[in-house]
Amino acid sequence: SLSDLGREAFDASLEKHKFSREQREHIRFTNVKRKRDFVCLEKVNGEIVNILEGLELHTKVFNAAEQKKIVETVYEL
41 SLSDLGREAF DASLEKHKFS REQREHIRFT NVKRKRDFVC LEKVNGEIVN
91 ILEGLELHTK VFNAAEQKKI VETVYEL
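Position in the sequence shown counted from 1, then plus 40, gives you the working numbering.
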């Protein structure tokens, strides 16, 4: 996808500028996006509670090559 291509270009740019591994990881971490506003209300022990409270969705954690390797590994299980 277009975002994957952008991510690969970004990763390649980091490599080209010869940042240390720690610097590259810090830069990648600062680009991670989090979504925390999930809501699913259900009755638990007579009370309505958000059963998704605390759930977070993280995006832009892995580039396309890393995602591919993870998926291939999962399929091998």
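Careful: at least some of the hints might be erroneous.
In silico lysine to aspartate or glutamate, EDC-like type, Cα no more than 20 Å apart, as pairs [to be verified]:
#1 Lys73 - Glu87
#2 Lys75 - Glu62
#3 Lys109 - Glu93
#4 Lys73 - Glu112
#5 Lys100 - Glu65
#6 Lys100 - Glu62
#7 Lys100 - Glu87
#8 Lys108 - Glu93
#9 Lys100 - Asp77
#10 Lys73 - Glu96
#11 Lys109 - Glu65
Estimated spans, in silico, between C-beta atoms of each pair [stated by the list, open to error]:
#12 Val89 - Glu65: 18 to 26 Å
#13 Lys58 - Tyr115: 29 to 37 Å
#14 Lys73 - Val111: 30 to 38 Å
#15 Glu116 - Asn90: 17 to 25 Å
#16 Leu117 - Val79: 40 to 48 Å
#17 Thr113 - Ile67: 36 to 44 Å
Calculated from the structure, these hints are not laboratory results. Backbone N, C-alpha and C fix where the C-beta goes; we use that ideal spot for every residue, glycine too.
Right, here's what the structure says about each hint:
At most 20 Å may separate the alpha-carbon atoms for a hinted pair to count; Lys73 and Glu87 exceed this at roughly 32 Å. Among the hinted pairs, Lys75 with Glu62 is inconsistent with the structure: their alpha-carbon atoms are about 25 Å apart, more than 20 Å. A hinted pair counts as satisfied when its Cα atoms are at most 20 Å apart, and Lys109 with Glu93 does not qualify at roughly 30 Å. For the proposed pair Lys73 and Glu112, the alpha carbon gap of about 24 Å is over 20 Å, so the pair is violated.
Restraint check for Lys100 and Glu65: satisfied, since their Cα atoms lie roughly 12 Å apart, inside the 20 Å limit. This hinted pair checks out: Lys100 and Glu62 have alpha carbons roughly 18 Å apart, not beyond 20 Å. Annotation: proposed proximity of Lys100 to Glu87 is violated, straight-line Cα distance about 36 Å (limit 20 Å). About 30 Å separates the Cα atoms of Lys108 and Glu93, which puts this hinted pair outside 20 Å; it is violated.
For the hint pairing Lys100 with Asp77, the CA-to-CA distance comes to about 18 Å; that is within 20 Å, so the pair holds. Distance hint between Lys73 and Glu96 is fulfilled; the C-alpha atoms sit about 10 Å from each other, no more than 20 Å. A hinted pair counts as satisfied when its Cα atoms are at most 20 Å apart, and Lys109 with Glu65 qualifies at roughly 18 Å. Between Val89 and Glu65 the beta carbons are some 36 Å apart, a value that contradicts the proposed interval 18 to 26 Å.
Checked against the hint of 29 to 37 Å, the pair Lys58 and Tyr115 passes, with Cβ atoms roughly 35 Å apart. Distance hint check for Lys73 and Val111: the Cβ-Cβ separation is about 20 Å, which falls outside the suggested range of 30 to 38 Å. In this structure, Glu116 and Asn90 break the distance hint of 17 to 25 Å, their C-beta atoms being roughly 36 Å apart. Here the CB-CB span from Leu117 to Val79 is close to 32 Å, at odds with the stated 40 to 48 Å.
In this structure the supplied range 36 to 44 Å is violated for Thr113 paired with Ile67, their Cβ-Cβ distance being about 25 Å.
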